[in-house]
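Colleague: In order, the protein sequence lines correspond to chains A and B. FYI, in the numbering used here the residues of the first sequence are 1 to 295. FYI, in the numbering used here the residues of the second sequence are 296 to 520.
Hints in this document: simulated from the structure, not taken from any laboratory. Hints may be right or wrong, so weigh each one.
[As the list claims (entries may be wrong)] Under the rule of at most 20 Å between Cα atoms (straight-line distance), these lysine to any residue pairs were calculated in the SDA-like manner:
hint : chain 1 : residue 1 : chain 2 : residue 2
1    : A       : Lys200    : B       : Glu431
2    : A       : Lys290    : B       : Ala347
3    : B       : Lys340    : A       : Ala203
4    : A       : Lys200    : B       : Ala401
5    : B       : Lys370    : A       : Ala203
6    : B       : Lys370    : A       : Tyr214
7    : A       : Lys200    : B       : Ile368
8    : A       : Lys200    : B       : Arg365
9    : A       : Lys290    : B       : Arg365
10   : B       : Lys424    : B       : Asp463
11   : B       : Lys340    : A       : Thr170
12   : B       : Lys358    : B       : Pro348
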Amino acid sequence: MIALFTPSPTDPERLVPPSGITAQLTAFAAGAMAFLAVFALALMFATNRVADRWSAELAQTATIRVSAPAPQMAEQVQSVLTILGQTPGVASARAMGDDEQRALLAPWFGPDLPVEVLPIPRLIEVVEDSTGIDAEGLRLRLRAEVPGAVLDDHGRWRRPLIEAAERLRTLGVLSIALIALTMAAMVTLAASASLSANGKVIAVLRLVGARDSYVIRAFVRRFMLRALAGASVGTVFAMAAIAVFPDSGRDTGFLTGLGFRGLEWFVPLLIPPVAAMVAFWATRIAAARKLREIR
Amino acid sequence: MIELSGVGYSYGDSRLFGDITLSLAPGAFHFLTGPSGAGKTTLLKLCYLELAPDEGQIDIFGKDAAALNRDDIAKARQRIGVVHQDCQFIDHMPLAENIMLPLRVAGRDHAAEQNNLRDLMAWVGLGDKADALPPELSGGERQRAALARAVIMSPDVILADEPTGNVDWDMSLRLLTLLVELNRMGKSVLLATHDLALIRQAKAQVPARVLRLRDRVLQQAGSDL
Ligand SMILES: Nc1ncnc2c1ncn2[C@@H]1O[C@H](COP(=O)(O)OP(=O)(O)OP(=O)(O)O)[C@@H](O)[C@H]1O
Ligand SMILES: [Mg+2]
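Next comes chain B alone, as it looks inside the complex:
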């Protein structure tokens, strides 16, 4: 699905990491951990092509990302559900419409997906927030809405940047269950998080791998997790 080989990235002169190799196979469930500022968000942005690597190559759905034009990138993103760390929404549009946005943008008839939407919003605990505007929501509610938006299209890949950062433990488990269910349906998941308890919980349910980004390199985490 998404493959990074020898990828390096710097913001200006400060080199964030180099020689990253990562393969997100179909049906894989990966956690991405590491200290704050290590570059987890940056790595995810590379994966959905918001950033282009300084070195190395990114293959996305079998194609070299460097060779994709803007329309190809848009098309690839229609197969990737993204939960952005700072949950971006269109603030003047009701939450339900924001969650439906990927369908609308892809030209899909979203009237047919109303049931799907209702179930999804109920599952992430936003059943009564369909008409609320994003700025009226709490941080945790926005995160859950972002996850709902990321999965509404039933994408092949889900990239989530700390989707449980602001929610309580019970809700974290519900969100994890959603991701695990999607993973069992064959979707690839890459989830950046600091929450070790959540990782342990997940490993009890799926054969998840844990990657740690630290000191500019990406390593598979040891058995301490």
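Chain A extracted, bound-state conformation:
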């Protein structure tokens, strides 16, 4: 591999005529594929971050709404708190005070809402520990013992989002694999075309005593360098595009989180060498196949 970068006096590379359009197309394809690969990587990192953040928050809080006629309210709230005290995974639970509830409702009803006299439910804030609560089990127990209490599990709407994020990550991995395979296919096509166009060169080389490895080197090196050059340009452009992508801070939505943070910026730098490796093997295999036709 290293020897491919160090020209020697017996260097086979110039034996293959420069093939303008194939060369440019190979470089262009490698560039375009690298560009897409950078975005697929950014997408993967972004979904990772979102999934992590959401799962962390998911484990934290839930709310229980208790609706009951005013005289029984205090008693029911107390039963709920007792049940919560026995539930594994609950770090703490407390009933919200009137002031807190008024503050929560203020945006809808104004600040002077007489919470005390209205038949509005009382809210109990549950803070979970790291193991989390068994929401279904708790819900069943509440239904049996305190019919007026309803568990509002925030995770209920977040869980599918986390699943979606995980699926997006899988899609990202799949995209990168497809991009690598597509590049291998394109390099194989370009190398095969070049090998066919240069059948005579190969025949002459074999006639004067060239080993297969020598003939293969004549082709492999140029395709590898082209893929490397194209992929480098594509990677740089894509990274620049992502660097100027609007990022409105840590906790905003998913779309604005697209990008790399910290050490993640080094990962796309692997794309050009990987592209060169893909080109190296694709050309080698195509050349070995072509050589089987020539003795």
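Chain A is already provided as a structure; the job is to place chain B with the ligands on it using the hints.
Modeller: Here is chain B with the ligands on its own, set in the frame of chain A:
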């Protein structure tokens, strides 16, 4: 050097020749004649392993050719200089580089052989064509370049397929002299040609044998030559 025993070859169903026995000893000078289409070129291709025989055995430098892998074949060819009948070159490379190709391919330092190259090109009358591209040359010039390429490595065996087909008599003699000189240095030469005058000229200089390929068999030619 190269030994054929009981060799037969067919292109598809049409059998070209069978039971050919030929021994190219070190220092031997053989001519190969025969009517057009008799299979001279095919026989030479068998000798440098471009074709594999349908029957019989070919030994090359003491080894059974059938047992050689592709790298072994490449190595054997580095000891054989070949003048192909339709002179194949790498068309985008200058003539001098084409002639140096066997050295380059063998990993030999061709900078050290520049003098050798210049003398050789001058001898075959291509002294001023070093930078020309092969397609820019005449048929005869290409043949001379092919011969120069075949001998640049100082190979043990020289297989030449009508190397004088397109050149005038004086140049034919110069090329023959080159081959005779190499033969005197101990190289084996197998030369396919239709040119009877050239054969007579050679027999005056070296103890050359003349083989005739006709009616599917290889025979030593009679005293009419
Ligand atoms: N690749 C091939 N496929 C099928 N037939 C072939 C092939 N090459 C040669 N032949 C046939 O084999 C026969 C011998 O060809 P070859 O080139 O060996 O003859 P030759 O003696 O060298 O003739 P010439 O003196 O004209 O060069 C010819 O009839 C030719 O048509
Ligand atoms: Mg012939």
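Colleague: Is the Cα-Cα distance between lysine 370 of chain B and tyrosine 214 of chain A 20 Å or less?
Modeller: Holds, at about 12 Å.
Colleague: Can you confirm whether the C-alpha distance between lysine 200 of chain A and alanine 401 of chain B stays at or below 20 Å?
Modeller: 19 Å, holds
Colleague: Mind checking the alpha carbons of lysine 200 of chain A and arginine 365 of chain B for me, to see if they're no more than 20 Å apart?
Modeller: 18 Å, holds
Colleague: Below or equal to 20 Å on CA atoms is what counts here, so check lysine 290 of chain A against arginine 365 of chain B.
Modeller: 14 Å, holds
Colleague: For the pair supplied as a hint, lysine 340 of chain B and threonine 170 of chain A, confirm whether the alpha-carbon distance does not exceed 20 Å.
Modeller: 57 Å, violated
Colleague: Sort out whether glutamate 431 of chain B lies within 20 Å of lysine 200 of chain A, counting only the CA atoms.
Modeller: Holds - the C-alpha atoms of glutamate 431 of chain B and lysine 200 of chain A are around 17 Å apart, at most 20 Å.
Colleague: Below or equal to 20 Å on CA atoms is what counts here, so check lysine 424 of chain B against aspartate 463 of chain B.
Modeller: Roughly 18 Å separates the two Cα atoms, so the pair holds.
Colleague: Against the 20 Å threshold, does the CA-CA distance of lysine 200 of chain A and isoleucine 368 of chain B hold or violate the hint?
Modeller: 18 Å, holds
Colleague: Would you mind confirming whether the straight-line C-alpha gap from lysine 340 of chain B to alanine 203 of chain A stays at or under 20 Å?
Modeller: Holds, at roughly 13 Å.
Colleague: Does the structure keep lysine 290 of chain A and alanine 347 of chain B at a Cα separation of 20 Å or less?
Modeller: 19 Å, holds
Colleague: Are lysine 358 of chain B and proline 348 of chain B close enough, with their CA atoms no more than 20 Å apart?
Modeller: With a Cα-Cα distance of about 15 Å, the restraint between lysine 358 of chain B and proline 348 of chain B holds, given a limit of 20 Å.
Colleague: Given the hinted pair lysine 370 of chain B and alanine 203 of chain A, is their alpha-carbon gap at most 20 Å?
Modeller: This hinted pair holds, its Cα atoms lying about 15 Å apart.
In summary, the one numbered hint that this structure violates is 11.
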